[in-house]
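There are 4 protein chains.
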Amino acid sequence: MVVSEGTHDFHIHKGMGLVKDVFSKESIMKLKGNIGIGHNRYSTSAKSEQVNCQPFVVYSMHGALAVAHNGELVNKGALRKQVLGRGVGLSTQSDSELITQALCLIPPDGEVNGPDWPARIRHLMQLAPLSFSLCIMLKDRIYAVRDPYGNRPLCLGKIMATNTDEINDGSGDMDRNEEGWVVSSESCSFLPIMKYFREVLPGEIVEMTKYGVKSIDVVPPPIGKSLAFCIFEYVYFARPNSIFEGQEVYSVRVRCGMQLATEHPVQADMVGSVPESGNAAAFGYSKQSGIPLGELLSKNTYVGRTFIQPSNRLRQINVALKFGPILHNVKGKRIILIDDSIVRGNTVGPIIRLLRRAGAKEVHIRVASPPLKYPCFMGINIPTREELIANKLKDTKEFAQNVDADSIEYLSVEGLKTAVQKEINPDSKTGHCTACLTGEYPGGIPDELTW
Amino acid sequence: MVVSEGTHDFHIHKGMGLVKDVFSKESIMKLKGNIGIGHNRYSTSAKSEQVNCQPFVVYSMHGALAVAHNGELVNKGALRKQVLGRGVGLSTQSDSELITQALCLIPPDGEVNGPDWPARIRHLMQLAPLSFSLCIMLKDRIYAVRDPYGNRPLCLGKIMATNTDEINDGSGDMDRNEEGWVVSSESCSFLPIMKYFREVLPGEIVEMTKYGVKSIDVVPPPIGKSLAFCIFEYVYFARPNSIFEGQEVYSVRVRCGMQLATEHPVQADMVGSVPESGNAAAFGYSKQSGIPLGELLSKNTYVGRTFIQPSNRLRQINVALKFGPILHNVKGKRIILIDDSIVRGNTVGPIIRLLRRAGAKEVHIRVASPPLKYPCFMGINIPTREELIANKLKDTKEFAQNVDADSIEYLSVEGLKTAVQKEINPDSKTGHCTACLTGEYPGGIPDELTW
Amino acid sequence: MVVSEGTHDFHIHKGMGLVKDVFSKESIMKLKGNIGIGHNRYSTSAKSEQVNCQPFVVYSMHGALAVAHNGELVNKGALRKQVLGRGVGLSTQSDSELITQALCLIPPDGEVNGPDWPARIRHLMQLAPLSFSLCIMLKDRIYAVRDPYGNRPLCLGKIMATNTDEINDGSGDMDRNEEGWVVSSESCSFLPIMKYFREVLPGEIVEMTKYGVKSIDVVPPPIGKSLAFCIFEYVYFARPNSIFEGQEVYSVRVRCGMQLATEHPVQADMVGSVPESGNAAAFGYSKQSGIPLGELLSKNTYVGRTFIQPSNRLRQINVALKFGPILHNVKGKRIILIDDSIVRGNTVGPIIRLLRRAGAKEVHIRVASPPLKYPCFMGINIPTREELIANKLKDTKEFAQNVDADSIEYLSVEGLKTAVQKEINPDSKTGHCTACLTGEYPGGIPDELTW
Amino acid sequence: MVVSEGTHDFHIHKGMGLVKDVFSKESIMKLKGNIGIGHNRYSTSAKSEQVNCQPFVVYSMHGALAVAHNGELVNKGALRKQVLGRGVGLSTQSDSELITQALCLIPPDGEVNGPDWPARIRHLMQLAPLSFSLCIMLKDRIYAVRDPYGNRPLCLGKIMATNTDEINDGSGDMDRNEEGWVVSSESCSFLPIMKYFREVLPGEIVEMTKYGVKSIDVVPPPIGKSLAFCIFEYVYFARPNSIFEGQEVYSVRVRCGMQLATEHPVQADMVGSVPESGNAAAFGYSKQSGIPLGELLSKNTYVGRTFIQPSNRLRQINVALKFGPILHNVKGKRIILIDDSIVRGNTVGPIIRLLRRAGAKEVHIRVASPPLKYPCFMGINIPTREELIANKLKDTKEFAQNVDADSIEYLSVEGLKTAVQKEINPDSKTGHCTACLTGEYPGGIPDELTW
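Chains as they are written, first to last, in my numbering: chain B, 1 to 451; chain H, 1 to 451; chain P, 1 to 451; chain S, 1 to 451.
Heads up, some of the hints might be wrong.
Same chains, same names: a pair is fine if it fits in one copy or spans any two.
Unchecked claim - Below are the DSS-like pairs computed for lysine-lysine, each with C-alpha atoms no more than 25 Å apart in a straight line:
(1) 361 <-> 287
(2) 361 <-> 392
(3) 392 <-> 20
(4) 287 <-> 299
(5) 214 <-> 195
(6) 139 <-> 417
(7) 429 <-> 299
(8) 225 <-> 373
(9) 429 <-> 397
(10) 214 <-> 392
(11) 422 <-> 392
(12) 417 <-> 210
(13) 195 <-> 331
(14) 214 <-> 299
(15) 422 <-> 287
(16) 214 <-> 139
(17) 81 <-> 139
(18) 195 <-> 299
(19) 287 <-> 81
(20) 30 <-> 373
No wet-lab data here; the hints were simulated from the structure.
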């Protein structure tokens, strides 16, 4: 976190690990100020090291500057060359430092005068239009910015005053009296003391000061290009109670499950999910199919997330340790198991084996998203093509045989789009990036990284 | 953990914190041996300090001895006086040290000769019949023991040989070829490489050596007393896929939910649970009532368990941070929220408020166990009577008003017993401790602690 | 440290590592009380583990008891058997636990009644007369005890009141107004706010309460045995400004150096020491011989003590890193290098080589104590006989050749005794243990350890 | 440390704390390469934070660059403005980052072409001639550079091949067979496996590659300015066995002590030092005066250096804890106590009080350097003028009265210069910075820091 009291002497506290471990009461007390930005990094392109922790802070000729970045620059190689070519040394390989130094550099003559930061941000949008959501803090303001494609999410919330009854009751512990504004990648983080206000629009620059929030500009995507909000936020990344494009993520996932039931029905006694990622889709599948919904696996929360585990081998043991089959709903039953997505496919086999050993008569796998086939260069950490199960196997029949499933079926790309876009106002401009499913990249094929 | 290679030179590794933090690869590699016992302490009576970590190890006149203990001695005061009176200094206040030293002491003449450990264990059962499940390790054997009331659980499992097909597939990482035996408080811990075998019986002493397991004795409860297995293991403590008395805990909880629907029906659009503790009961309630089952709250797993939090105030904020309402299933709906139990009642209010702010039309609370009213002296950490919500309020109507619920209802004691005992073979002797619900203590009123 | 507020609920804080790392401001603030004892353990017989940290605390039938122990029980094997034979389990191999449990046990009929702790201590002195200095704390008193041989040191100091002028000036930070008493192994620890009072006598039991200090008893050594204060405290262990038997350690070491100059003179230009252990003896050698005293080696304090280093190889590199030769006093000169003692002899060679490379014309080694040849069973950590350089080489000539010295000479045993005893009042009973030099053990040959 | 295997992918390991704590065996093993630079920072101007740890590494348009810096830029404010004015953001306030970015920037047209690093270094010398010793590492070379005034030290050493006899013996643990070169602030760091070669000259740029070392250029100080090597290195900072300008620091300090005895003689029984800083000067004073040299204070090495302690109050207690008076040399004696310098004067009073309480008849303080009166802007951490004792008191008489000394006298500035320059070849250009003593700054009065 970086916090300002209105001067260029920012207070900074950063560290590696979970938020609760990095921030002690003592370190929080030192972060005095009226505005601040924070960042919780899930390392993708640059290494997981202290030096890459965000926000990135520099002192420029126009004062202190802190930048927090969600996303990944598709053309980082070209931008890096430009910045280095101006005689700047870069101390890390992170996009955040690159963006920060690019914002500091004197723009070509005539374009930007002095500390005109919105002009500098517009200039950055030309140099690197994809993908980022940014929080740029100066001593007395924050610019909240989404890239012109709207690839990464960003939304505004309002800090509610304490004399509002519902808040006094809700939190029980609020004693600051001012209103304020907040910006976040996901609206779920606003609970319980803030309220969702609206999304930052694709290409929009919102200025936040003590006088409130102000929309400075909305930059359209490059000519001939469409908006491309990451569809995988709906499928996998976002928390179910977050809101994008006016709709709750959970609702979208329920519709994915319903669509899946329509596309791939099967006779069974019980529908359940791989907890908790498939819960919403399982609810939708049960609703559409009329097959009862029930817990099939009990999750042991004391084991970490499989996405992060280092080796395949360990992953397989861990899966088995992580889930305990519920005999009541499994034994002697034909079951449909819903998951939100299948990436490497390492966990399906062990889970099916657990269910069969617990007495399941049939196990049908239904996946509430299409097969993942292509890499993402916009900030989502997808394994190499060779590691993706969808690129390894001929078809779902072979897949089912390999993992001893009675059947495996995926939601179609069209089905997913329908589920996502059905409830969006057709007048609103919208568009979704499905590159990881279709290979159609919104900004074209990215250049190679160099330095 | 304490491990033996067959000599009196036990290898010991203990520490404070989560298992994954205490045991590194390095420390595990040093724990060489053929037999071993471990303990994961949830501090109840004695303080949470390094010195109270189990297993407790001593060197006695008959060799090294390690003891791991689940439960709490009801008459610890009297036993403590006896042990101190023999001239032994006790370095902690833990029951485990007390039990260990009591086992070491020379029994009164004529009763026990030399290293006859089963006789010493029987003697201990007379001195302190309630409550404990024990693992007592000597250099070449382990005694697995339940107290004569059968208050705390204990069960045997079998380590499966790797040439069994299903295991090779299931774990993928097993390369030791021997069979073996394991003993645990809960059968859920046997997955994925061990198999549930049977319960250790109330009062039973099971000897585990390299030659296998052998039942040494089964000591009945004191004359005039009945078996008293803790009913709260079914309600709250145990993992849903554990097995007690021949039945899966999840099944019992489903029956509690069904019984609850019968006792306290209500018109509603959606049944859901406080995740994840109320899941099974909500499933039962939905099944019995026909009202659809759905997720109402999304749980943020990065916040700790409320039972452990230090202050009431913090607890209230944390609850609100921990759960995000799912608009899809809440907005404009009449909802029934199921929880497994209500202890202090601190979390109900904030949760209802979250649901109302998310647009719930009605919120009915149904609790799948009777009100908790009395302290436990047998190892369950229940707050003082003043802190228990059931002792603070006149009735459920007042409770409902206080927390802005449309209604609150509990399962009856009889209903709970029915749900628990319905599927148990009526021929098997059985009996359950309901002291925390009814004030009827199986071993009478405990003496006071002294030292 | 263990501290008492006058009740049996002692406050305890213990840990591994340096005092400054184990005790934070926070942990010190929790140690409230009027009396307390502490211990800084240099691990000798029992392993360096948390569980062996002293003081050892137990709750006995007569209340809480804390014991801190300096020394090592020669007959620990026999005492251990006795304690185990009474049915006590011992959780460590430390002498301190053994002593504590032995004090708790009910003494044979007729000898001790109830909580008569001095009688229990006298009984312990019979069971194990060698060697210990003990601080035994009860809720309202401390017993300071030396073994009947007087093998380990112990002395009393007085905490000076703050209204004394010299203290107010001296410390500048003293704001408690009471006087008090303190007991320590070495008087040097009394500075700057306490004053040396007197030694605890061999075999003496001193009781310290809020009413002051009181000598309870002085137990003589077993019949036919003499006092045996460890002579190696003078030679090596004690800080130079500590006082034993009425004389400053530094003075004794100066006399050792003078005696050494008399016994083994040599023509040279400069006398210096291996800093800082040989400083006092070098001063004495220079004084006696008239050869100028000067620094030969500059010590780098950022490298640890060689006694503790794990491998021989590392030790040799470390020695070279630790000392830098001072050209001004070494180049072109004949030098005499004084050390207080030579144990393994690993460091002499590398040091001589450093001096020769720095241009020394001659290097003569003079050691201010006799060769170390025998193990100590009374608390001094001396390597095995095979590791002692004095047991490896034929004579000092061979030694000198091996390490490229022009000569090496030791102080004689008689010379050491003379230097130590010269200034002691001949009327006072005294006697010194020289077992490590002569093999003459004051309590006979110790039994073997068993358990 | 930063290490290169000949590519731009430098291996970096940095941390806060002592070298032995920051570098584990594991982290050292990862630092593979043929060349490397390290830095041990004693924080002066920039804060003691992870982010300010050196070497500072950036990736420039001409490849990776690592910079380690000893000293402080006098005109950092002006240079900072220049760098910021070029559009570079600076992430810290450290001179090292400033120097690194200044080296990266494209120099004004015509002056430097592309990756001509020596030209860039010469350009830096013009922008900021005072003060720095630098190690600048590229993928395959290191530039060792001293500023044109020669204010900070830097010297070259040679890594000796292992087949040389003396090395095989000296280290006992050398198994790499190549020769190599090393550069360091102090020659004492070369022991035991490297050999002092020569100083890097003031203004010299030395290039170190696998082909050896090569002098690229020697830049003279600005016109009208003289060389200005920090005289305080001789007085206080350097280790006694380091070599500057062809002479051992210890020898210079001995001459300071002799000069002091000549300037300020006094009748006394014993000369001693505040260990260990005054040792050499006490030796010189004793030699010149004929008064015997002896230890007066025994130092407890387990207490930190007073220069670093946070509060005055704590410092006074700590001083008393740190030194124990040696009665043998103090009691009943007239003593002269030598210290190398007096900065804040906090420790003199407590030390004198210790000596008087130990029975000293007279205590005369002699300081082997002139009074410290002015701040340093070239890298030496001197307290503010108000904190310097020499600026607080009228004269040494008042000083002596305040601290209860019988007399206090300082070495004169001329005396110090004589002692330093006496043995330097009069033909060699030389010159010393005495700014902290005289207020005469070699580069004029520094500008103020701004950003």
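Honestly, which of those hints from before does the structure not fit?
Per hint list: 2, 3, 6, 7, 9, 10, 11, 12, 14, 19 and 20 violated.
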